[in-house]
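K.L.:
Below, each chain spelled out in residue letters.
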Amino acid sequence: MRFAWKHKDLLGIEPLTAEEITYILDAARAFKQVGERTVKKVPSLRGKTQINLFIEPSTRTRTSFELAATRLSADVINIATSASSLVKGETLKDTARNLEAMNADIIVIRHSAAGAPHFLAARLKASVINAGDGAHEHPTQALLDAFTIREKFGRLSGLNVTILGDVLYSRVARSNIWLLTKMGAKITLAGPSTLVPRVFEQFGCRVTHDIEEAIRDADVINLLRIQHERQRKTMFPGIGEYAALFGLNQERFARAKPTALIMHPGPINRGVEVDSEIADGARSVILQQVTNGLAVRMAVLFLCTGGKL
Amino acid sequence: MKPLWIRNGRVIDPANHVDAVRDLWIVDGRIADTKPPGDAEILDATGRVVAPGLIDLHVHLREPGRSDKETIATGTRCAARGGFTSVVCMPNTTPAADNTGVIAFIKQRAAEAGGVNVFPAGAITKELAGEELAPIGSLKKAGVVAITDDGRCVQNNELMRRAVEYAKMFALPVLDHCQDDNLSADGVMHEGYWSVALGLRGWPAAAEDVIVARNILLAELADWHIHCQHLSSARSVQLVREAKKRGVKISAEACPHHFTLTDAALKNYDTNYKMNPPLRTEADRQALLEGLADGTIDCIASDHAPHCAYEKEVEFDAAPFGIIGLETELALALELVHQKVLSLPALIEKFTVNPARLLGLDRGTLAVGAPGDVTVMAPDWEWTYDVTQSASKSRNTPFHGRQLRGKAVATIVAGRIVWREE
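Residue numbers (this note's numbering), protein chains in the order written: chain E, 1 to 309; chain S, 1 to 422.
This is chain E alone, in the form it adopts within the complex (with noise of 0.2 Å):
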């Protein structure tokens, strides 16, 4: 059977099929290999333009995105700005436009605003590839935690998947329960009752707030950063109250399947979601998610552009 790609766009992970999502990872895994060889680069983009439009700050996501089209051969800009309509700066319509004006082939926006990648997709007649919106979806991200699994254990299907910490506002949290729940895995949810609440089992997921229980039978912990300066402060007590509940400290995590894989999205706060000894010890794959980010984001931008395998 011959597959074909036909999204012009990645917006999200919710609108892909099981079979797109593979077609995704079996891509990065031919593009990881470029990045293992002496000359890390392929033609597949040349001539291409691609903007990386990142009005919210972030430096491994645009850094990721920006070497893998460079190792793709395409010409990357980037724009950094806080400016956007929810400040009173240029409104997104106009920023499109401009891009539009540039013709540009491939759009990377990173928002705070949920939903901006479908704004400009709408207007666009460029590939828009989210890179992050609000607490909506980071499909790369979600990608790559799926491809980094799928490398250790050979498949996603009848996995334990456990994503702890705060899911809420979690756009991370969102694109992996996608991802994973169309692969076959199963998601348990823990943290805070403010953070994890209830809603979430209407998403296939388990939701529990007792952290032993939740990674006791877990094959992939994924741990989410605490975003305490950005949350109002009535969501939970405080990092010292986080670190002491949900903390993921030796003595908990000795209790886990010794198999246990643990993941984090970046940058991660040592002591309060996750002690140094497990972020830097023999089951986590922190680093090996960074490496799988780059082909899984070549692989993203070589199939939205029209590339065929």
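One should not assume that every hint holds.
[Said to hold, decoys possible] Quick partial rundown of chain S residues pointing at chain E, CB under 8 Å, derived from the structure:
hint, residue
1, Tyr193
2, Val196
3, Gly199
4, Leu200
5, Tyr269
6, Glu313
7, Glu315
8, Phe316
9, Ala318
10, Pro320
11, Glu335
12, Val337
13, Gln403
14, Leu404
[Unchecked claim] Listed below are the simulated DSS-like cross-link pairs for lysine-lysine, each with C-alpha atoms no more than 25 Å apart in a straight line:
hint, chain 1, residue 1, chain 2, residue 2
15, S, Lys249, S, Lys140
16, E, Lys308, E, Lys41
17, S, Lys244, S, Lys267
18, S, Lys393, E, Lys93
19, S, Lys2, S, Lys35
20, E, Lys32, E, Lys6
21, E, Lys93, S, Lys267
22, E, Lys182, E, Lys152
23, S, Lys393, E, Lys125
24, E, Lys182, E, Lys6
25, E, Lys32, E, Lys308
26, E, Lys32, E, Lys48
27, E, Lys93, S, Lys312
28, S, Lys267, E, Lys6
29, S, Lys267, E, Lys182
30, E, Lys48, E, Lys6
31, E, Lys125, S, Lys267
32, S, Lys267, E, Lys8
33, S, Lys140, S, Lys168
Worth flagging that the hints you see were computed from the coordinates, not collected in a lab.
Built from N, CA and C at the ideal position, the CB exists for glycine as well.
Based on the hints, put chain S in the right spot on chain E.
P.N.:
Chain S in isolation, oriented as in the chain E frame:
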């Protein structure tokens, strides 16, 4: 002006328990039941429904201050096309309608526009800031028919209590936009499955419910009338229903968008579905239908809220709340009749006698001698809403392209036809 003879229509006048095919005359701007001598202008209403002029007790005409969104002239033209002979305009203008000067300005502009009746609502608090009472007695003298901080909700319960007690002295009903600001916080849509799926901040129905409950208690305490604007939540409907059984002076309105749509409509981040209160769940929508059917919800109102295209065409978080609604309101409400939620007379009641009684207007009735405001409608007329042809200055509607059934074919104010379907 020649008398107007409205011939052979099905006259539905809930205030007087009339539902019969008959003729109606308007002489010197007032309803008459016998043909006057001499010439008359004839309006053939055969096969049409003839009702008291419809009243929308919740619109934003944006003047003074935001005439780029709407003016009293354009907003009242929308009302006329939608079959409304009277509208109540909200005080959240710039400057706010918290003083007699703004009320006089609105009345003057409305007189210049010369279409439908405009009844201004005054502010409860100065600058709608929720801190000090506006000069409610002077506002009454200037001609307001109600007070409200619509768009805002008075958060201070003591201040709200005093406002209701004070307004009672002038027989002014207090209209409240029920929203607890701490609970709704920075929410941009209903809190539930869809807010989680879309990653948008939600505002829970409880933020409305606690204020509806508050208003019930304060209406009891002050023994005066509080009207809850645009109910959107099932629990709020239940609270009002129970309070009415106890005889509390409480009433409620619902908007067509809340009883027609649900939060699932937001899935493409279209800001034309962003309103306050937000679209809620199917269970909430069903509860509104029940509340309309059993009389818990007294009135239907549009909450006509024009915004410029450039304001709405932004990220969902950044867009202002609200949609225009005067031109689609009657047709969407008639869907309730087609779906057998309400009888046609019961629907007309919610647009006529109920708001008139609440506001103390001598309208909403076809009694002999009443002002000659009449709406002639064709309940089965099929049409498609095309917002590009709207009389509004704004285009923010989720109903563009929607197939509708039923519309006003003539809007008559004081015996003068202000709008007629060609």
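K.L.:
Would you mind marking each hint as holding or not holding in the structure?
P.N.:
Evaluation of the provided hints:
For tyrosine 193 of chain S, the suggested interface contact is upheld, since its CB lies about 5 Å from the closest CB of chain E, less than 8 Å. Satisfaction of the interface hint for valine 196 of chain S is found here, the shortest Cβ-Cβ separation to chain E being roughly 5 Å, below the 8 Å cut-off. Hint status for glycine 199 of chain S: holds, given a least beta-carbon distance of 3 Å to chain E, under 8 Å. Hint status for leucine 200 of chain S: holds, given a least beta-carbon distance of 5 Å to chain E, under 8 Å.
Checking tyrosine 269 of chain S against chain E: minimum C-beta separation of about 3 Å stays under 8 Å; hint holds. For glutamate 313 of chain S, the interface hint holds, the least distance from its beta-carbon to any beta-carbon of chain E being 5 Å, beneath 8 Å. Evaluation of the glutamate 315 of chain S hint against chain E yields a held restraint, the C-beta minimum of about 4 Å falling below 8 Å. For phenylalanine 316 of chain S, the shortest C-beta to C-beta distance to chain E is roughly 5 Å, which falls under 8 Å, so the interface hint holds.
Satisfaction of the interface hint for alanine 318 of chain S is found here, the shortest Cβ-Cβ separation to chain E being roughly 4 Å, below the 8 Å cut-off. A hinted interface residue such as proline 320 of chain S counts as satisfied when its beta carbon comes closer than 8 Å to some beta carbon of chain E; here the least separation is about 11 Å, so the hint is violated. Hint on glutamate 335 of chain S is violated. Least Cβ distance to chain E is approximately 29 Å, over the 8 Å limit. About 34 Å separates the beta-carbon of valine 337 of chain S from the nearest beta-carbon of chain E, more than 8 Å, and the hint is not met.
The criterion of a C-beta within 8 Å of any C-beta in chain E is not met by glutamine 403 of chain S, whose closest approach is roughly 24 Å, and the hint is violated. For leucine 404 of chain S, the interface hint is violated, since its Cβ never comes within 8 Å of a Cβ in chain E; the closest pair sits about 26 Å apart. Under the criterion of a C-alpha separation no larger than 25 Å, the hint pairing lysine 249 of chain S with lysine 140 of chain S is consistent with the structure, at around 20 Å. For the given pair, lysine 308 of chain E sits about 17 Å from lysine 41 of chain E by alpha-carbon distance, which is consistent with the 25 Å threshold.
Of the supplied pair hints, the one linking lysine 244 of chain S and lysine 267 of chain S is violated, its CA atoms being roughly 36 Å apart against a limit of 25 Å. Our distance criterion of 25 Å between C-alpha atoms is met by lysine 393 of chain S and lysine 93 of chain E, whose separation comes to about 21 Å. As the CA atoms of lysine 2 of chain S and lysine 35 of chain S are separated by approximately 12 Å, the hinted pair is consistent with the 25 Å bound. Restraint check: the Cα-Cα separation between lysine 32 of chain E and lysine 6 of chain E comes to about 22 Å, which is no more than 25 Å; the hinted pair holds.
Of the pairs offered as hints, the one joining lysine 93 of chain E and lysine 267 of chain S holds, with about 20 Å between alpha carbons and a cut-off of 25 Å not exceeded. With a C-alpha separation of about 19 Å, the suggested pair lysine 182 of chain E and lysine 152 of chain E falls inside the 25 Å cut-off, and the hint holds. A hinted pair counts as satisfied when its Cα atoms are at most 25 Å apart, and lysine 393 of chain S with lysine 125 of chain E does not qualify at roughly 30 Å. With a C-alpha separation of about 19 Å, the suggested pairing of lysine 182 of chain E with lysine 6 of chain E holds against the 25 Å cut-off.
Only pairs whose Cα atoms come within 25 Å are accepted, and lysine 32 of chain E paired with lysine 308 of chain E is accepted, the gap being roughly 16 Å. Taking the CA atoms of lysine 32 of chain E and lysine 48 of chain E, the gap is about 21 Å. The hint holds against a cut of 25 Å. Of the supplied pair hints, the one linking lysine 93 of chain E and lysine 312 of chain S holds, its CA atoms being roughly 11 Å apart against a limit of 25 Å. Between the alpha carbons of lysine 267 of chain S and lysine 6 of chain E the distance comes to roughly 21 Å, so the proposed pair stays at or under 25 Å and holds.
Under the criterion of a C-alpha separation no larger than 25 Å, the hint pairing lysine 267 of chain S with lysine 182 of chain E is consistent with the structure, at around 19 Å. For the proposed pair lysine 48 of chain E and lysine 6 of chain E, the alpha carbon gap of about 19 Å is at most 25 Å, so the pair holds. With a C-alpha separation of about 22 Å, the suggested pairing of lysine 125 of chain E with lysine 267 of chain S holds against the 25 Å cut-off. Among the hinted pairs, lysine 267 of chain S with lysine 8 of chain E is consistent with the structure: their alpha-carbon atoms are about 19 Å apart, no more than 25 Å.
Taking the CA atoms of lysine 140 of chain S and lysine 168 of chain S, the gap is about 11 Å. The hint holds against a cut of 25 Å.
Hint check: violations occur at hints 10, 11, 12, 13, 14, 17 and 23; the rest are consistent with the structure.
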